[in-house]
Amino acid sequence: MLNNRIRESSLLLLVFLFAIIGAILVDLSDVSGVSLGAIFLAGILSLLILAAHLANRFFLKEADYSLLPCAFLLASFGAIMIYRLKPSLVWFQLVWVGIGILTMTFTLVFFGGKNYRVLENYKYICALTGVVLLLSPIFFGREIYGAKLWLRVGPFSFQPAEIAKLLVIIFLAAYLKEKSELLSTSTRKLRNMVVPDIKHFGPLLIMWAISLAILVLEKDLGSSLLFFGTFLVMLYVATGRIAYVAVGIALFTVGGAACYGIFPHIQTRVDIWLNPWLDATGRGYQIVQSLFAIASGGVSGTGIGLGYPSHIPAVHTDFIFSAICEELGFLGGAAVILTYLLVTYRGLKIGLQARDDFGKLLAVGLTSAFAIQSWIIMAGVTKLAPLTGITLPFMSYGGSSILSNFILLGLLLSISAESSPKPSGGEIYGE
Amino acid sequence: MNKRLGSLGILFSIAFVMLIINLTYLQVFTARKILSHSENKRALAQEATIERGKILSSDDKLLADNIAVENGYVRTYPQGEITSALIGFNSSTYGRTGIELVYNDYLLGQHEISSIEDYFKELSGEKIPGNDITLTLNLSLQRESFEALGNNKGAVVALDPKTGAVLAMATSPTFDPNNIDENWSVLVKDSTAPLINRGIQGLYPPGSSFKIITSSAAINSGAAAPDSVYESPGEIKIHGNIISNYEKKDLGDITFSEAFALSANTVFAQIGVELGAEQLVDCAEGFGLNHQIPFDLSTKTSKIPSADKMDDVDIAWSAIGQADVLVTPLQMALAGSSIANKGIAMKPFLVKEVRDHRGIIIKELEGKKWLKPIDEATASEIKNMMIKVVEDGTGKAAQISDVSVAGKTGTAEVSTGEPHAWFVGFAPAEDPQIVVAVLVENSGQGGRAAAPIAKKIIQKALRVTE
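Same order as they appear, the protein sequences are chains H and F. Taking the numbering used here, I'd label the letters of the first sequence as residues 1 to 431. Taking the numbering used here, I'd label the letters of the second sequence as residues 1001 to 1466.
Excised from the complex, chain H in its bound form (with noise of 0.2 Å):
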């Protein structure tokens, strides 16, 4: 069987290959040529990935062999995308890039192995500053695109919930770890149901007013459905209760349709998600600029360089996955997407493997909270959903994100380290 090391690299080799051509692909859209903008692209993006694959390698040699390779597919689209949009921002993007591989590597060093379950005895701090962090743009932000996320230190911008967002999924997993057994054990009948104590729904009822208060006071329903749909994720894993599922899912509904009632912010996003057309010109025109994109990608797409992407505001951040749609078509598109799905599907797998409670849930959540952002800006910008502002992971141009992101990564390679199989030999002939 092959090694991680070797499975991992040849994976980053193809992700190498990857970010060279695309690179030189916009530049051959243009008259003009290949200029050295593609040729810096395509190297900065190969030694970062190799700087990335030594750090992984170097310290944790057990780690998962492709989360790196995934992450690093989807970073090299969106940096060439970036590159092709706006290519300007794109030494930015990069300069991220590289910040994030560096404190992913911390993480790996700090939290690496069986280190990571240090963290649960910081629950408390954790789950305070990320409670302070998520709510503090109401008192201090800035409002951009309609919504409150932004905090402004100096001369750079910083979205806090991408941070709180990691702090308050280990404080969850630490606490449903501790209270799992209380929280699903101490039943009652309700007729034929087996149901949680009122008692116990206090968790429950508690995300359920920060969420509402990030939807009503920051305006913002993508964090506040990403925060409680986590939530909601990890208690059931922790549980198995679906009853919690079910109270929490009514519970957001009719918060929700309250909201609906009383501010109009929030009916203007409804009205627009069910019929954009209506009013294509004005509020509808984000979207609709959005499914024009789409729809002009068709199969194959047009060609990366050769579409026009960029009628639609915001194409760099949120709108990126639309970009992809049209230049490189439904292909390009079912890629990515198949793209989040496998570092889903490796995220869940490691929590599988994991040996306590505590790593389950913190994968879990990590992966969950990874995996609906991702759904939840694709569905948004497909008017599968209604169209929320939030970050797709990896992909959009922005520096909280990228930085949130690696972090998760590396607490995810983390946790894989821990929990994959020992080779084999050493433990029969320990016995």
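Read the hints as simulated data drawn from the structure, not as lab findings. It cannot be assumed that every hint is accurate.
Stated by the list, open to error - Far from chain F, by Cβ distances over 10 Å, these chain H residues were calculated:
| id | residue |
| --- | --- |
| 1 | ASN4 |
| 2 | ILE6 |
| 3 | SER32 |
| 4 | GLY33 |
| 5 | SER35 |
| 6 | THR105 |
| 7 | ILE138 |
| 8 | LYS179 |
| 9 | LEU204 |
| 10 | LEU205 |
| 11 | ALA209 |
| 12 | ILE262 |
| 13 | ARG269 |
| 14 | ASN275 |
| 15 | MET378 |
| 16 | THR382 |
Claimed, not checked - Pairs of lysine-lysine, DSS-like flavour, derived with a Cα cap of 27 Å:
| id | chain 1 | residue 1 | chain 2 | residue 2 |
| --- | --- | --- | --- | --- |
| 17 | H | LYS86 | F | LYS1189 |
| 18 | F | LYS1127 | F | LYS1061 |
| 19 | F | LYS1003 | H | LYS179 |
| 20 | F | LYS1162 | F | LYS1189 |
| 21 | F | LYS1372 | F | LYS1054 |
| 22 | F | LYS1153 | F | LYS1189 |
| 23 | F | LYS1342 | F | LYS1369 |
| 24 | H | LYS177 | F | LYS1003 |
| 25 | H | LYS349 | F | LYS1003 |
| 26 | F | LYS1456 | F | LYS1153 |
| 27 | F | LYS1347 | F | LYS1300 |
| 28 | H | LYS114 | F | LYS1003 |
| 29 | F | LYS1309 | F | LYS1342 |
| 30 | F | LYS1456 | F | LYS1342 |
| 31 | F | LYS1347 | F | LYS1372 |
Stated by the list, open to error - Covered stretches of chain H (in silico footprint by chain F; criterion: 3 or more residues with CB under 8 Å from a CB of chain F, positions within the stretch not fixed):
| id | segment |
| --- | --- |
| 32 | 329 to 343 |
| 33 | 349 to 358 |
These numbers come from a predicted model, not from an experiment. Cβ coordinates follow ideal geometry from the N, Cα and C atoms, glycine included.
Given the structure of chain H, go ahead and fit chain F onto it with the hints provided.
Chain F in isolation, oriented as in the chain H frame:
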């Protein structure tokens, strides 16, 4: 806990597969429908990079051309407002009209790929220029028509009666398509409606020019002959409703042919009532009223009320082209064509041929029969009556030395000021080369305001076609 992770995996798989299904729906099944939405700027951006086909007149003059600019082309119209009502415009902001709209696919070259060579060029990203369109329009006749209208509001439609080819179609006032984007807001608000092609989109009461149709109904059915004698008092009363001759002149006993030449309303009102609504309406519909005229550009349908809604008063007024009868100048030109062409109206057409960028003809159009409202004998008798109109009737202003001109004047009373002036005629009467319908809004008598314009156009046309 592991079992729950399994179900979670299934849940996420379903969710992501839904994304792929939705993407298939958008990119494969409904893409065409989404892209056809009017707000989609992609098509226009794409099209701006294609060298659009030229539009030429039948005498090989450029009517629409392109100027190459950085990454694309800008459309220009060398003839400006002379041909704007037909060619239309091609604006990224306000869309397209006229031939630019109707023949857009041909002009872009997207209609068909005409050779294997082009197919490979297209695959390699090379842009194939669009197809050129040649119109039946004769530019010098078109210019003459436009200038003859001058500052009047009105329209001229000139056809070849034997084929239906449009030789000229002028409308006034009109617009300059070269700066449509800058002038748009003024043009749409202008109360004189310069964006309307009056020749095909203006509906007017035909006045006495309608007597061509009333006479056709009378002679074709045998109810009257050119030498039938009628009494023509200065005015008659029908159920208390007074219909009078021009200046209430008592013309005494005159033949039907004389009544036509002098445009005697009191005779035609009687004939209308004798014929009855059904015969009159049937005949008018035979000439094309109440029918959509098949044409390259969109036309308004000329109207006559249905027979069962008319009483004798309505019939009498309709017989002299008033009341609720409304026609386009194109319709009257077609009525004239039927007389000129032995009772057969040819289908009017404006586009003669389409050639691809290599000059190979990919579409060619020719005359087709459209309607046959009357038989040849009736057409010949009406023609003779129309010759008399110009020889010594109301249409003397259309006389041309050495050429026999046939025509009919019309002076249509309207509630908004002076009557509209009409002239419908053709020449040479023995072998008609051109039929022309002239309408001048609010300018008085057809014989004075419209006939001289028709004369100029006919003269020009006969010189041009010689």
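Here is what the structure says about each hint:
Every Cβ of chain F is farther than 10 Å from the Cβ of ASN4 of chain H; the closest lies at roughly 22 Å, confirming the non-interface assignment. Against chain F, the non-interface label of ILE6 of chain H holds: every CB pair exceeds 10 Å, the least being about 27 Å. With a minimum CB-CB distance of about 12 Å to chain F, SER32 of chain H clears the 10 Å threshold, and the non-interface call stands. Here GLY33 of chain H stays apart from chain F, with its beta-carbon at least about 14 Å from theirs, past the 10 Å limit.
Separation of SER35 of chain H from chain F is adequate, the least Cβ-Cβ distance of about 18 Å exceeding the 10 Å criterion. The beta carbon of THR105 of chain H is kept farther than 10 Å from every beta carbon of chain F, the shortest such distance being approximately 28 Å. The beta carbon of ILE138 of chain H sits about 30 Å from the closest Cβ of chain F, which is more than 10 Å, so the claim that it is off the interface holds. With 10 Å as the threshold on Cβ separation, the claim that LYS179 of chain H sits away from chain F holds: the shortest Cβ distance comes to roughly 14 Å.
Consistency note on LEU204 of chain H: stated as away from chain F, and its beta-carbon is indeed over 10 Å from all of that chain's, at 17 Å minimum. Residue-level check passed: LEU205 of chain H sits 23 Å from the nearest beta carbon of chain F, beyond 10 Å. Every C-beta of chain F lies more than 10 Å from that of ALA209 of chain H, the closest at about 25 Å, which supports listing it as non-interface. For ILE262 of chain H, the non-interface assignment is confirmed: its Cβ lies about 29 Å from the closest Cβ of chain F, beyond the 10 Å cut-off.
Every beta carbon of chain F lies more than 10 Å from that of ARG269 of chain H, the smallest distance being close to 19 Å; the non-interface claim holds. With a closest Cβ-Cβ approach of about 13 Å to chain F, ASN275 of chain H is found to remain outside the 10 Å limit, as its non-interface label requires. Interface exclusion of MET378 of chain H from chain F breaks down, the closest Cβ pair being 5 Å apart, not more than 10 Å. Distance to chain F contradicts THR382 of chain H as a non-interface residue, since its nearest Cβ pair spans about 5 Å, not more than 10 Å.
Pair hint LYS86 of chain H plus LYS1189 of chain F does not hold up; C-alpha atoms about 41 Å apart against a cutoff of 27 Å. Taken as a hint, the LYS1127 of chain F and LYS1061 of chain F pair is honoured in the structure, with Cα atoms around 25 Å apart against an allowance of 27 Å. For the hint linking LYS1003 of chain F to LYS179 of chain H, the alpha-carbon distance of about 19 Å falls within 27 Å, and the restraint holds. In summary, the hint linking LYS1162 of chain F to LYS1189 of chain F is not supported, as the alpha carbons are separated by about 40 Å, beyond the 27 Å threshold.
Annotation: proposed proximity of LYS1372 of chain F to LYS1054 of chain F is violated, straight-line Cα distance about 36 Å (limit 27 Å). Taken as a hint, the LYS1153 of chain F and LYS1189 of chain F pair is honoured in the structure, with Cα atoms around 17 Å apart against an allowance of 27 Å. Only pairs whose Cα atoms come within 27 Å are accepted, and LYS1342 of chain F paired with LYS1369 of chain F is accepted, the gap being roughly 12 Å. Using a Cα cut-off of 27 Å, the hinted pair LYS177 of chain H and LYS1003 of chain F holds, with the two alpha carbons roughly 17 Å apart.
Between the alpha carbons of LYS349 of chain H and LYS1003 of chain F the distance comes to roughly 12 Å, so the proposed pair stays at or under 27 Å and holds. The suggested pairing of LYS1456 of chain F with LYS1153 of chain F holds, with an alpha-carbon distance near 17 Å, which does not exceed 27 Å. The hinted pair formed by LYS1347 of chain F and LYS1300 of chain F meets the criterion: a straight-line CA distance of about 15 Å does not exceed 27 Å. With a C-alpha separation of about 24 Å, the suggested pairing of LYS114 of chain H with LYS1003 of chain F holds against the 27 Å cut-off.
Straight-line distance between C-alpha atoms of LYS1309 of chain F and LYS1342 of chain F comes to about 32 Å, which puts the hinted pair past the 27 Å bound. The suggested pairing of LYS1456 of chain F with LYS1342 of chain F holds, with an alpha-carbon distance near 25 Å, which does not exceed 27 Å. Distance check on the hinted pair: LYS1347 of chain F and LYS1372 of chain F sit about 11 Å apart at the alpha-carbon level, within 27 Å; holds. Counting residues of the segment 329 to 343 of chain H whose CB lies closer than 8 Å to any CB of chain F gives 8, so the stated coverage by that chain holds, three being the minimum.
Interface restraint, the segment 349 to 358 of chain H with chain F: holds (3 residues with C-beta to C-beta distance below 8 Å; minimum three).
This entry does not satisfy hints 15, 16, 17, 20, 21, 29, going by the numbered hints stated previously.
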